[in-house]
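A.B. asks: Sequence:
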Amino acid sequence: FFIPETQNKLLQYPHFISSRGKEGQVLHRSKRGWVWNQFFVIEEYTGPDPVLVGRLHSDVDSGNGNIKYILSGEGAGTIFVIDDKTGNIHATKTLDREEQAQYTLTAQAVDRDTNKPLEPPSEFIVKVQDINDNPPEFLHGPYYARVAEMSNVGTSVIKVTATDADDPTYGNSARLVYSILQGQPYFSVEPQTGIIRTALPNMDREARQEYDVLIQAKDMGGHMGGLSGTTQVKITLTDVNDNPPKFAQGVYAMAVSEDKVPGEEVGRLKARDPDQAENGLVDYRILEGDGMNLFEITKDSETQEAVIKLKKTVDFETKRSYTLKVEASNTHIDSRFAAWGPYKDTTIVKISVEDADEPPTFMAPGYNFEVEENAPAGTLVGRVHAKDTDIMNNPIRYMIPRYTDLEEFFTINTEDGIIKTTRPLDREAQAWHNISVSATEIGGHHQDAKVRVNIKVKDVNDNAPEFAAQNEVLVCENVSPGKLIETVSATDKDEMAHRQHFHFSLAPEVANNHSFSLKDNRDSTASIFVIRKGFSRMTQDVYHLPIEINDNGVPPMSSTNTLIIRVCSCDSKDTILSCNVEPFILSAGLSTGALIAILACIVILLAIVVLFVALRRQKKEPLIVFEEEDIRENIITYDDEGGGEEDTEAFDIATLQNPDGANGFLPRKDIKPELQYPMCPGLRPIGNSVDVDDFIKTRISDADNDPTAPPYDSIQIYGYEGRGSIAGSLSSLESVTTDSDLDYDYLQSWGPRFKKLADLYVDREG
1 FFIPETQNKL
11 LQYPHFISSR
21 GKEGQVLHRS
31 KRGWVWNQFF
41 VIEEYTGPDP
51 VLVGRLHSDV
61 DSGNGNIKYI
71 LSGEGAGTIF
81 VIDDKTGNIH
91 ATKTLDREEQ
101 AQYTLTAQAV
111 DRDTNKPLEP
121 PSEFIVKVQD
131 INDNPPEFLH
141 GPYYARVAEM
151 SNVGTSVIKV
161 TATDADDPTY
171 GNSARLVYSI
181 LQGQPYFSVE
191 PQTGIIRTAL
201 PNMDREARQE
211 YDVLIQAKDM
221 GGHMGGLSGT
231 TQVKITLTDV
241 NDNPPKFAQG
251 VYAMAVSEDK
261 VPGEEVGRLK
271 ARDPDQAENG
281 LVDYRILEGD
291 GMNLFEITKD
301 SETQEAVIKL
311 KKTVDFETKR
321 SYTLKVEASN
331 THIDSRFAAW
341 GPYKDTTIVK
351 ISVEDADEPP
361 TFMAPGYNFE
371 VEENAPAGTL
381 VGRVHAKDTD
391 IMNNPIRYMI
401 PRYTDLEEFF
411 TINTEDGIIK
421 TTRPLDREAQ
431 AWHNISVSAT
441 EIGGHHQDAK
451 VRVNIKVKDV
461 NDNAPEFAAQ
471 NEVLVCENVS
481 PGKLIETVSA
491 TDKDEMAHRQ
501 HFHFSLAPEV
511 ANNHSFSLKD
521 NRDSTASIFV
531 IRKGFSRMTQ
541 DVYHLPIEIN
551 DNGVPPMSST
561 NTLIIRVCSC
571 DSKDTILSCN
581 VEPFILSAGL
591 STGALIAILA
601 CIVILLAIVV
611 LFVALRRQKK
621 EPLIVFEEED
631 IRENIITYDD
641 EGGGEEDTEA
651 FDIATLQNPD
661 GANGFLPRKD
671 IKPELQYPMC
681 PGLRPIGNSV
691 DVDDFIKTRI
701 SDADNDPTAP
711 PYDSIQIYGY
721 EGRGSIAGSL
731 SSLESVTTDS
741 DLDYDYLQSW
751 GPRFKKLADL
761 YVDREG
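So for the sequence shown, full-length UniProt numbering puts the first residue at 1; every next one is plus one.
I should point out that these hints are in silico values taken from the structure, not numbers from a laboratory.
Nothing false has been slipped in among the hints.
List of simulated lysine-lysine pairs, BS3-like, C-alpha gap at most 27 Å:
(1) K85 to K127
(2) K234 to K159
(3) K312 to K387
(4) K260 to K450
(5) K420 to K450
(6) K127 to K93
(7) K85 to K116
(8) K85 to K68
(9) K420 to K456
(10) K458 to K493
(11) K309 to K246
(12) K519 to K483
(13) K325 to K260
(14) K309 to K350
(15) K519 to K533
(16) K260 to K319
(17) K270 to K260
(18) K387 to K456
(19) K270 to K312
(20) K493 to K420
(21) K246 to K344
(22) K325 to K312
(23) K344 to K311
(24) K319 to K450
(25) K312 to K350
Just so it is clear, the structure is predicted and the values come from calculations on it, not from any experiment.
Take the sequences, apply the hints, and build the full model.
C.D. replies: Structure follows, in structure tokens:
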């Protein structure tokens, strides 16, 4: 931009200084010596020559070259250079407005010779003029958005925003317009705001769930020549409950064995709902069918399957197939799409019953029979009947498990189930017999079944009545005639028939006695009266009154029971004082039976104590003498070295037995001897000609007869070397102390086997 020079400082701009407020302000103007406007330079200039920015000129410049123009400030000398003679300013580099939009420079005119300022310096601005050199950018892309399926047209999805680095205040370089390049016809974008909206109705997630949309932002208002930028937007359709569940088949076939128990699974089926999460949850129920009472339906929450289970047992022989109508419906219904329903589906389930080898079935759940007591063996009790319900209809074998009839009162025919007695039954011993009968099919898997059989033994009048109580009757000596002294009653082990009662009478032999009389009360009791006075204990203290009791049964049974009447001494008030009968006057002490039991216990305890003492005495350990002067010698068993060819009597234990013990005499070892004798000096070794068993016997005899021997002394068994061995005894019995005076030179003559032993003892002696 070139600024023309003027003679009188053309384009001289006033500089206003405000000295007051806005209201009534007074303005002063000061003059400036420079003449120019703002300079402008276009950015991104790529010409071969530096671009002329403008020209500076002072009115003191007469054109004779005496004035030099100086430029300072931002970019002076590097970006901007000035011709010091003409004042022309050039830009030597390409400028980018987005890096720096303007530069502030200072110009001054000085004398070329003296460099003295001719005018004060003044600032000016060089503005970089924008061009459209930056495309729009989406700083936050790519974008991800979600929108519900089946949304209405125009539903807002997401807003995208692009930015342009160009100057928005200059031209259309930064005015953006949005458009959609990819994603039609499903979505659209608002050109000015960048809001993406649905453009197609009824978009179904189950058909397509994700969409890739490409959005473009173009500057220059979208006109040709403008720059553009794009971004990706991934849009996902979210699920709504817009699909009902559907069964894959119209009819499902299942089978169940008749031996299955309630609760077992029969089969599974599933209605598929393409919706997700809770929108795809399905509930099942049985609507109708002839098996509604036998089957039930539940849901497996993990697999969303309907599980049909057995509710009651089924029987192949009764019914071989069942039909169920099953409905599947959504758990959650979206009210916005309720009109698209119904959200349910139905199917038919046909269940066939498979035959199984079942145990036999009794015709009754239990049997009750009656048989008269005392009936002879082989009497018919009753019959049980079972059959094989399977198609094979195998024959049945019957038996009575022995554990239900331990005494074997009954027997059963294995083929027809007829039960009979094996001997007469006694109702009074056992009125009911509860047994079991087992029925097993012959062939197949030998299935069996059991049934309870209750057998009642019918009563027969085969027991005579008897007194209900066997108490004695006490009568005072001065009893008055006609006084009631006792009322007797009877009992019968047999069952009493309706209106049946006992009849009492005196036995014929006492029917005419002069002391007592009997009156039958006709209520199964009888009263006993005294018919005379003047009883005396001295004369007769006990009377026996036989009474006949008849039960009036069929056949009638009677018995004679004796009533004991005892005469007692009484006072004037008929209070019994004494009857001279020990059993009726109980002392405060113990009875004879109790005393006998106590004595028996005492005797048993004494016997145990005596036995324990005897065993203790027999097994008592020998006493130990703790005096220090007592010497104990530990005898150790050595390994047998062998005796050569004649070692046939080795370990002959019989040679070591105590001859005195064999004769029955054993010296006492349970006490310490009263007299102490010096210990016998050890004998010197016997020559090879002496037999070792004789030597040991001698030693045993000496030890048994030595009163000074401690009670704990013992003899160990040594290996016998044999008669022909050149070695003597290895026993340490011949050594009394470690400082023995024995001569061990003879060990050297025993041969090479004992050379080591001879060396040890000979060296030690030396």
